[in-house]
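Protein chains: 2
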Amino acid sequence: MAEIVEVTDPSDPRLRDYVDLRDVQLRKLLESERGVFIAEGEKVVRRALESGHQARSFLMAPRWLDALSDVLATTDAPVYVMSEAAIEGVTGFHVHRGALASLDRRPLMSVEEVLAGARRVVVAEDLVDHTNIGAVFRSAAALGFDAVILSPRCADPLYRRAIKVAMGSVFWLPYARVDDWYAFPDLLRGLGWTSLAMTLAEDARDLREVAASNLGDKVAVMVGSEGDGLSPHWTRSADVRVTVPMAAGIDSLNVAAATAVACWALGAPRSG
Amino acid sequence: MAEIVEVTDPSDPRLRDYVDLRDVQLRKLLESERGVFIAEGEKVVRRALESGHQARSFLMAPRWLDALSDVLATTDAPVYVMSEAAIEGVTGFHVHRGALASLDRRPLMSVEEVLAGARRVVVAEDLVDHTNIGAVFRSAAALGFDAVILSPRCADPLYRRAIKVAMGSVFWLPYARVDDWYAFPDLLRGLGWTSLAMTLAEDARDLREVAASNLGDKVAVMVGSEGDGLSPHWTRSADVRVTVPMAAGIDSLNVAAATAVACWALGAPRSG
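The listed protein sequences correspond, in order, to chains A and B.
For the first sequence, the UniProt record's numbering assigns the number 1 to the initial residue and increments by one for each residue that follows.
For the second sequence, the UniProt record's numbering assigns the number 1 to the initial residue and increments by one for each residue that follows.
The set of hints was computed from the structure by calculation and includes no laboratory data.
Predicted model, so just to flag it, every value in this text is computed and none were measured.
All C-beta atoms, glycine included, are put in the ideal place defined by N, C-alpha and C.
Do not take every clue at face value.
With a straight-line Cα cutoff of 25 Å, these simulated SDA-like cross-link-like pairs (lysine to any residue) come out [claimed, not checked]:
1. A/K43 - B/S231
2. B/K218 - A/A247
3. B/K43 - B/D104
Ranges of calculated distance between the beta carbons of each label pair, as one might list FRET restraints [stated by the list, open to error]:
4. B/S110 - A/A116: 56 to 64 Å
5. A/R189 - B/V128: 41 to 49 Å
6. A/V240 - B/E209: 23 to 31 Å
7. B/S83 - A/E3: 49 to 57 Å
8. A/P152 - B/Y182: 47 to 55 Å
9. B/E202 - A/I250: 32 to 40 Å
10. B/K43 - A/A116: 40 to 48 Å
11. A/T8 - B/H94: 54 to 62 Å
12. B/S110 - A/L108: 48 to 56 Å
Please model the complete structure; the sequences and the hints are all you need to start from.
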């Protein structure tokens, strides 16, 4: 059973995992040094614990204690309780859904481990926006994909904003980070995967046609960065170049929307 | 040809259209009172003018003058030029893509006018998040939908953030706002439209099956708010209740992702 600890001073050192949650640069440094991540909101905190992550502590206003009493009963981590105004003094903003938790990061799986258990994966190249990373996880999870592979420069899926947009799917959908960006397309091919590069290139094949073709058992959908799309190297190295046909004069779908459409079209057949 | 005016004082009254761009409540009031909206970034400013909106003025750092010289040649509105630091003093934040424009809002089209020219529309109910509104416009435009209809409580598509996420598609994709929320499903039906309610209800039909069926000539896809989804009234009143089948244990797609998938699956057949 978690111990309830009333705290009044926003500078209390026991709250140091929760400081300045809107300062992205500071948070990146702090969270990687300490090996922690922050879950925000009752539903997300609940999912973090249910998916087996170890809590270091909680921080919440008194009114959230009841809503979370069942999950707090399963942990020994301290629950720091403060007024909402005082919490804002720690975090630097008004925490809309009241409850926060600081949790231990687990060791990352390797790319090979993640691929070994999967048949449909999204591969994200250099998505630097936490909202987009979260949206990719949420769509992949909802539409029956098994895992996400991240290029070295992709943003952290366990950053607070990404977790929130992903509705916690980052806690249980397996993911890994590519070490060798250059060699990755060959690694995929060597493991028997068919790679699909999502691109606006004129010679790319229509997603409808590709989805109706025989792609083999293991399919990797590669989506590129917000600005420039997939790199020339990954685009050229993929087995198939695929496009979502657009209305005349439109640049492109947002990468999160394109990922949702591709996952829908290419997902393993669903029953029911 | 636009006149170039150097300005140094961030409190100069000629800059009053650009103040405090991050203060959502203030901006809502100010923009509706003055009948203006703000375009941000070279590409979006360009599209606002190309789509025929009248500029009141521009505000930019010197280095953006060249990039926009062709469009500035087409307008008589003044171009206020300041250092990037001084612009930040006006707007309250660092304007990443340098250029801003203040433009006149045009009279809204009526729902009947918008529907008269369309065969595929997205109907958004109570989407209060500007990012989601922008994403819905961008996906609808890219995937061949003809228009967007907004419920009375939807956020403003001409709000800066929505415009940016929509990549300017709000400038040319027709849209209208429903006056009578309660009567709207009947209005749609009376005009010969088939309405599809996107819902998680257990008795809803699978999107794949619905997309393969004969829906008639005019199809309206109704999507609901971020928190609660579509209202019971609109859900019950629709001709067909439709669901995107989800992997076990997943709540739902984000509304922007669900809209992209629905537009992809239900769009008018594309050539090429």
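Results of checking the hints against the structure:
no., hint, result
1, A/K43 - B/S231, "holds (22 Å)"
2, B/K218 - A/A247, "holds (18 Å)"
3, B/K43 - B/D104, "holds (18 Å)"
4, B/S110 - A/A116: 56 to 64 Å, "holds (57 Å)"
5, A/R189 - B/V128: 41 to 49 Å, "holds (45 Å)"
6, A/V240 - B/E209: 23 to 31 Å, "holds (27 Å)"
7, B/S83 - A/E3: 49 to 57 Å, "holds (54 Å)"
8, A/P152 - B/Y182: 47 to 55 Å, "holds (53 Å)"
9, B/E202 - A/I250: 32 to 40 Å, "holds (36 Å)"
10, B/K43 - A/A116: 40 to 48 Å, "holds (43 Å)"
11, A/T8 - B/H94: 54 to 62 Å, "violated (36 Å)"
12, B/S110 - A/L108: 48 to 56 Å, "holds (55 Å)"
Hint compliance for this structure: hint 11 is the single one not met.
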